[in-house]
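Chains as they are written, first to last, in my numbering: chain E, 1 to 83; chain S, 1 to 146.
The hints are simulated quantities; they were obtained by calculation from the structure and are not laboratory data. Any given hint might turn out to be false.
What the hints assert, rightly or not - Quick partial rundown of chain E residues pointing at chain S, CB under 7 angstroms, derived from the structure:
#, residue
1, Ala33
2, Phe35
3, Tyr43
4, Ala44
5, Gln59
6, His61
7, Gly82
Said to hold, decoys possible - To be clear about the criterion: a stretch of chain E counts as covered by chain S if any three or more of its residues have a C-beta under 8 angstroms from a C-beta of chain S, and this derived list gives those stretches:
#, stretch
8, 21-32
9, 70-81
Backbone N, C-alpha and C fix where the C-beta goes; we use that ideal spot for every residue, glycine too.
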Amino acid sequence: VKILYFAWVRQKIGKSEETVAKPAGVETLRQLAEFLARRGAGYAEAFADLSRLRAALNQMHTGLDTPVGPDDEVAFFPPVTGG
Amino acid sequence: MRVTIRIQKEPFDISAETAELAYDGVGAVASFTGHVRGSDGVNGLVLEHYPGMTERVIAEHIEEAARRWNLLGVAVIHRIGELMPGEAIVLTAVGAAHRGDALAAVHFLMDHLKIDATFWKQERRGADLTWVEPRTSDHHAAGKWK
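Next up, chain S with everything else stripped away, as it sits in the complex:
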């Protein structure tokens, strides 16, 4: 299985990243892209993370996904720093022989990334920055995989 985990300030190219996963034997590439919501007066996000731990946590979830489903490649790319509304913030893409494995693994990885990958977001409204509070629904989403 090929695994890519990147935490970066720069934008990523969704087509290029998913094309990377479509090598021999891969019949399905499923992906999820999260974008910055520009609702409630939010005109940007600022993200930080725990270098080293973030990558480790994501790698553990990928290993768990690979035990549950038959996967050939996984890419998780998450941005940090300053982001504007509409910009892509996270990409999770999975390559597998068949779509069922790829779709389920993307869902699993996103639900788990939300609850314990070590990122913290601030919302910008005008000149004000406020820390985002976690949503309890995220824990319920991850709990259903147990």
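Chain E on its own, in the form it takes in the complex:
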């Protein structure tokens, strides 16, 4: 799974993207976020409160209960603030 991070999520994790093998037991974006949260202090901080995060699957906005596949592009970020 290709995973991209933006804004303060990127800052806390310390990288803008990475690719991880889809772990056993991870079926949804929420489960992927919970898995990532265990990878280190920065991850734990970034994913501490999932209600503050938004997600995209293959460059489309989606909810955290969306299923994720091994070849998907996922992004985690705060609510957008453009314009």
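Put chain S on the given structure of chain E with help from the hints.
The following block gives chain S in isolation, referenced to the frame of chain E:
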């Protein structure tokens, strides 16, 4: 319909961009330009976006606007990187045969760009950068188009 979507660091030329939309059959060009507010001690903004997704989201809103109104051309240009107070940050311009369609589509596109185009802003105050929190009023503004 001619569509221009650009995400860029460089400033844009509002007159040139709106003139581009005034080709044969266009009787009205409406535009909105957003600028960096220099209030509350803010002396700059830093913007990032999600390349690919941002353009896709904006393109979908343009398609929806073209279903609702009779449009001949649309340009959405959004800047990223470092911006100073007063600088133009976003331009949405629409060309149509008549003003009603052009004005409504500009309003629609800006309201939707605010809620789901994948940009994130930091405000600079002196040496400090803080992430901007979204405004709930933006969601209300977009909700009225449903």
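Hint check, Gly82 of chain E versus chain S [nearest Cβ-Cβ separation less than 7 angstroms]: holds, 3 angstroms
Hint Phe35 of chain E vs chain S: min CB-CB distance below 7 angstroms? Violated, because the Cβ-Cβ distance from Phe35 of chain E to chain S comes to roughly 22 angstroms (cut-off 7 angstroms).
Examine the stretch 70-81 of chain E for residues whose CB is less than 8 angstroms from any CB of chain S, and state whether their number is three or more. It holds: at least three residues are needed, and the stretch 70-81 of chain E offers 6 whose Cβ sits within less than 8 angstroms of chain S.
At a threshold of 7 angstroms, is the proposed contact between Ala33 of chain E and chain S supported by beta-carbon distances? violated, 17 angstroms
Taking beta carbons only, do three or more residues of the stretch 21-32 of chain E come closer than 8 angstroms to chain S? Not satisfied, violated; 0 residues make the cut.
Does the interface hint hold: is Ala44 of chain E within less than 7 angstroms of chain S, judged Cβ to Cβ? violated, 19 angstroms
Hint check, Tyr43 of chain E versus chain S [nearest Cβ-Cβ separation less than 7 angstroms]: Hint on Tyr43 of chain E: violated, closest Cβ of chain S at ~18 angstroms, above 7 angstroms.
Gln59 of chain E as chain S interface residue, shortest Cβ-Cβ below 7 angstroms: Nearest chain S Cβ about 4 angstroms off; hint holds.
Closest C-beta approach of His61 of chain E to chain S relative to 7 angstroms, hint status: holds, 6 angstroms
Consistency with the previously given hints fails for numbers 1, 2, 3, 4 and 8, ordered from lowest to highest.
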